[in-house]
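Protein chains: 2
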Amino acid sequence: MFEAAELGQKLTKVQYEAELPKLRAALLQAHFALKDTPVPVIVIISGADGAGKGEMVHRLNEWLDPRGVDTHAFWQSSDEERERPRYWRFWRVLPARGRVGILFGSWYSEPIIRRVYGEIKSSKLDTELDRIACFEKMLADDGAVIVKLWFHLSKKAQRRQLKELESNPKTHWRVLPMDWQHFKLYDKFTEASERAIRRTDTGHAPWHLIEAADRRYRELTAGKILLQAIEDRLQQLRRNPSPAPAANPAVASRPSRRASTTILDHVDLTQQLSDKEYAKQLEKYQGRLSRLAWAAWEKKVASVALFEGWDAAGKGSAIRRVTEAMDPRLYRIVPIAAPTDEERARHYLWRFWRHLPRAGTTTIFDRSWYGRVLVERVERFAREDEWRRAFLEINEFEEQLVEGGIVVSKFWIHIGKDEQLRRFKQREEIAFKRYKITDEDWRNRKQWDAYKAAINDMVAHTSTEFAPWTLVAGNDKKFARVQILRTLCRHLEAAL
Amino acid sequence: MFEAAELGQKLTKVQYEAELPKLRAALLQAHFALKDTPVPVIVIISGADGAGKGEMVHRLNEWLDPRGVDTHAFWQSSDEERERPRYWRFWRVLPARGRVGILFGSWYSEPIIRRVYGEIKSSKLDTELDRIACFEKMLADDGAVIVKLWFHLSKKAQRRQLKELESNPKTHWRVLPMDWQHFKLYDKFTEASERAIRRTDTGHAPWHLIEAADRRYRELTAGKILLQAIEDRLQQLRRNPSPAPAANPAVASRPSRRASTTILDHVDLTQQLSDKEYAKQLEKYQGRLSRLAWAAWEKKVASVALFEGWDAAGKGSAIRRVTEAMDPRLYRIVPIAAPTDEERARHYLWRFWRHLPRAGTTTIFDRSWYGRVLVERVERFAREDEWRRAFLEINEFEEQLVEGGIVVSKFWIHIGKDEQLRRFKQREEIAFKRYKITDEDWRNRKQWDAYKAAINDMVAHTSTEFAPWTLVAGNDKKFARVQILRTLCRHLEAAL
Numbered sequence: 000m001f002e003a004a005e006l007g008q009k010l011t012k013v014q015y016e017a018e019l020p021k022l023r024a025a026l027l028q029a030h031f032a033l034k035d036t037p038v039p040v041i042v043i044i045s046g047a048d049g050a051g052k053g054e055m056v057h058r059l060n061e062w063l064d065p066r067g068v069d070t071h072a073f074w075q076s077s078d079e080e081r082e083r084p085r086y087w088r089f090w091r092v093l094p095a096r097g098r099v100g101i102l103f104g105s106w107y108s109e110p111i112i113r114r115v116y117g118e119i120k121s122s123k124l125d126t127e128l129d130r131i132a133c134f135e136k137m138l139a140d141d142g143a144v145i146v147k148l149w150f151h152l153s154k155k156a157q158r159r160q161l162k163e164l165e166s167n168p169k170t171h172w173r174v175l176p177m178d179w180q181h182f183k184l185y186d187k188f189t190e191a192s193e194r195a196i197r198r199t200d201t202g203h204a205p206w207h208l209i210e211a212a213d214r215r216y217r218e219l220t221a222g223k224i225l226l227q228a229i230e231d232r233l234q235q236l237r238r239n240p241s242p243a244p245a246a247n248p249a250v251a252s253r254p255s256r257r258a259s260t261t262i263l264d265h266v267d268l269t270q271q272l273s274d275k276e277y278a279k280q281l282e283k284y285q286g287r288l289s290r291l292a293w294a295a296w297e298k299k300v301a302s303v304a305l306f307e308g309w310d311a312a313g314k315g316s317a318i319r320r321v322t323e324a325m326d327p328r329l330y331r332i333v334p335i336a337a338p339t340d341e342e343r344a345r346h347y348l349w350r351f352w353r354h355l356p357r358a359g360t361t362t363i364f365d366r367s368w369y370g371r372v373l374v375e376r377v378e379r380f381a382r383e384d385e386w387r388r389a390f391l392e393i394n395e396f397e398e399q400l401v402e403g404g405i406v407v408s409k410f411w412i413h414i415g416k417d418e419q420l421r422r423f424k425q426r427e428e429i430a431f432k433r434y435k436i437t438d439e440d441w442r443n444r445k446q447w448d449a450y451k452a453a454i455n456d457m458v459a460h461t462s463t464e465f466a467p468w469t470l471v472a473g474n475d476k477k478f479a480r481v482q483i484l485r486t487l488c489r490h491l492e493a494a495l
Numbered sequence: 000m001f002e003a004a005e006l007g008q009k010l011t012k013v014q015y016e017a018e019l020p021k022l023r024a025a026l027l028q029a030h031f032a033l034k035d036t037p038v039p040v041i042v043i044i045s046g047a048d049g050a051g052k053g054e055m056v057h058r059l060n061e062w063l064d065p066r067g068v069d070t071h072a073f074w075q076s077s078d079e080e081r082e083r084p085r086y087w088r089f090w091r092v093l094p095a096r097g098r099v100g101i102l103f104g105s106w107y108s109e110p111i112i113r114r115v116y117g118e119i120k121s122s123k124l125d126t127e128l129d130r131i132a133c134f135e136k137m138l139a140d141d142g143a144v145i146v147k148l149w150f151h152l153s154k155k156a157q158r159r160q161l162k163e164l165e166s167n168p169k170t171h172w173r174v175l176p177m178d179w180q181h182f183k184l185y186d187k188f189t190e191a192s193e194r195a196i197r198r199t200d201t202g203h204a205p206w207h208l209i210e211a212a213d214r215r216y217r218e219l220t221a222g223k224i225l226l227q228a229i230e231d232r233l234q235q236l237r238r239n240p241s242p243a244p245a246a247n248p249a250v251a252s253r254p255s256r257r258a259s260t261t262i263l264d265h266v267d268l269t270q271q272l273s274d275k276e277y278a279k280q281l282e283k284y285q286g287r288l289s290r291l292a293w294a295a296w297e298k299k300v301a302s303v304a305l306f307e308g309w310d311a312a313g314k315g316s317a318i319r320r321v322t323e324a325m326d327p328r329l330y331r332i333v334p335i336a337a338p339t340d341e342e343r344a345r346h347y348l349w350r351f352w353r354h355l356p357r358a359g360t361t362t363i364f365d366r367s368w369y370g371r372v373l374v375e376r377v378e379r380f381a382r383e384d385e386w387r388r389a390f391l392e393i394n395e396f397e398e399q400l401v402e403g404g405i406v407v408s409k410f411w412i413h414i415g416k417d418e419q420l421r422r423f424k425q426r427e428e429i430a431f432k433r434y435k436i437t438d439e440d441w442r443n444r445k446q447w448d449a450y451k452a453a454i455n456d457m458v459a460h461t462s463t464e465f466a467p468w469t470l471v472a473g474n475d476k477k478f479a480r481v482q483i484l485r486t487l488c489r490h491l492e493a494a495l
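Those protein sequences? They're chains A and B, same order as listed. To convert, note that position 123 of the first sequence is 122 in numbering that gives the first Met the number 0; the numbers rise steadily by one, no gaps. To convert, note that position 321 of the second sequence is 320 in numbering that gives the first Met the number 0; the numbers rise steadily by one, no gaps.
Pulled out of the complex, with its shape left as it was, chain A reads as follows:
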């Protein structure tokens, strides 16, 4: 495959300088036009050592409007990064819509290097590459333009390049001891890279192989590729301002499957606890949870617990019974309301990634990413293709959490429609609870059946082996709270 990038391509200074001004003007124009679009551009700079990747980063920063560029180099990870699922460090630097993110090093570096050093088998490399393909598809579906540049050097050219850099006092520092180590592994590196490129070369995130021996050629080529990618998208937006294919009306109008509507109906809402039994069980499980939370801290096991449920199902009070048992240093509650503009400017999962717990601690989400397939679906804030694809995206997300060692617990607190009405009315009578009932709650209530269908779909699609839903029988709050505490204890015990 790499033969195509060993043709001896080069440009004279005259050719370069003849083309450059045009390219720069066009790039800037495209960059400015990009600002007002919902499109983030992700540029991945990868390839051989000594291929001028660092210089390329400088060049792109020079050619684009620096105010619209975020450059990130991935290198040593911090403990905050190491204590979270691996992709956390990538999520944290994804560019906002309308901006260009230049990534020097990326999600490709680690799998390739580990394969080169024989730390992982090729089957494991493939698994990683599939994950990458999945991740990039998700970003592309969300509207991102992904430009992946691979700067290639033949073995000969790489040796020459490293020697040249090293002998020049001005560029000497660019050559790290690691680079020569890598050079010895040139063939293995080529093999792993080829595999990576082949397996992740997709329509929505294509690879561009660039012959890198000549500076002028590689820089101009890279600039043109980036320009083309942005211009293509801008043109596409002008033709069709909606960034994704329209929902398929045939699918949209399909009634919810009868079968799935029975999932919630199977929750036995008559289950209850007496006051006495409640007091006993509450003490038992809160005590157990408190000990488990400390044990998790010691063993550096993180947890995510998310709470969803009908309005007035008792989410808040259930969460309090959980947190009462935990030292405030060990958990954080993240209430999910309207996103901030920094959140809105990114993939909808970004705001959840940013709050993932560090090792040994717990993040409690009061509402969660499931809003995508619940309120956003029912209220049509998300298009059908968006919420449909969210099932897969969420499963992939949760799988990464679990792989990262996080204990995931998901609660849907279910109540009957009559019980909800009773609680709405009761709340309106108590001064410090009245605020909890808003017009929105009444509006939502009218959509009961639409929500029910959405909940059923959600549970059917996202109750996975690694992150199953717990449907909580919430008509009796006491029963519900104990069920939640017991489940959390069970999940932690299994993990510790």
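Calculated directly from the structure, the hints in this document are not laboratory data. Any given hint might turn out to be false.
One copy or any two copies: either way a pair holds, since identical chains are not told apart in the list.
In silico DSBU-like pairs for lysine-lysine, Cα to Cα no more than 30 angstroms straight-line [stated by the list, open to error]:
#, residue 1, residue 2
1, Lys-21, Lys-477
2, Lys-187, Lys-477
3, Lys-183, Lys-155
4, Lys-451, Lys-120
5, Lys-187, Lys-451
6, Lys-187, Lys-435
7, Lys-21, Lys-275
8, Lys-435, Lys-416
9, Lys-451, Lys-21
Model the placement of chain B on the given structure of chain A, informed by the hints.
Then chain B, alone, in the frame of chain A:
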């Protein structure tokens, strides 16, 4: 002082339950009213071990609307925190306007504990307390309501409390081995705490001593204090929607001091370099900078370099000459444009704290916090009291950077008014530079004298011993670039 909190205050269950519903309703109402104001509320929970601080955190979370509360417990710091100035971890969790931030542990914990353990002298404690007073004043000036709660236990009550907690299996976990260790140091703890409280008990951030032996008394008292503080501010806002005293017109209309207008005039704008000399010097200092940047990485010395200057002064190209010499893994450029809403919702320095470099790396700010005393002053985005107080705030900020081991370099790139005009016209002629000239630039140019006065004031007030300004002679770009590179090298050499 603490005797006032050893009176044996307590409440019966009947008293408690008679008052609680009223308090909760009022708290919620106040919390809701707060949402639409520009006021962040910071609640600090401190005091003796075993005084129910953790429970208090739970209670406040229960009483307030959880969607408007951020709770943070400070405990072990991460490496990302340790590698930055000490207050970074506090800045990172400051609540946004309209929200309540509950801090369990705070900037008080470390100085007090270190004093108790004899790690610092009382004079050092005082220095720390002065810093705290300064920090809190800054937040208060910015509109924050700061509620500092100190939960006090007599020595006897503390022993009883710890024993009680420990003997109950349900609360056993709340007692850490550390707590008994602290208990042995009760008298020292009391002494250091008294000192801390006395020295930081200010009108804008008063301490509230709460007798903590009785749960019902302490919780109700704390709730009432918080309520009062929020209500007072709400009432004040209703009377005077502007959160700070209006600018003094006598001061506002005062012409800039003649004397200070000479600072910029002293920059010798005729300085220049020949092409040959430039090439030689550029290579020399870029080479030196590249080696120094790696040395700084090895020694874990961080740097902040900020660039300010007239429009068209050549900031961007000067920054590129700097970054060309550095490995992309070692620096980040942060362009400062309009703040995001997350940034707008906090003190104006917050957005700069969030980008401070980790140990061994450099953050380059393309424009900076000095916008407060430049564009915000000239365009009247900031009131006079705001930009005036910014001088002190900025000095305090930069002092913390320097104390945190960061090498701070500040560049004002100066050019003459004629030279600016020449460059504006030139830029309009080159396609890929045209975007750099906007109507705003022409507008700014009309304000030349107002900016000049602001710049002079800025340099006069913020060129400190620990973070002096470098005024760069920018009429000759070559000279300016070399001056900047040379200064950066000198600063790094002094630090390494």
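**Item:** Violations among the numbered hints
**Value:** Numbers 2, 4, 5, 6 and 9 - these are the hints that the structure violates, sorted from lowest upward.
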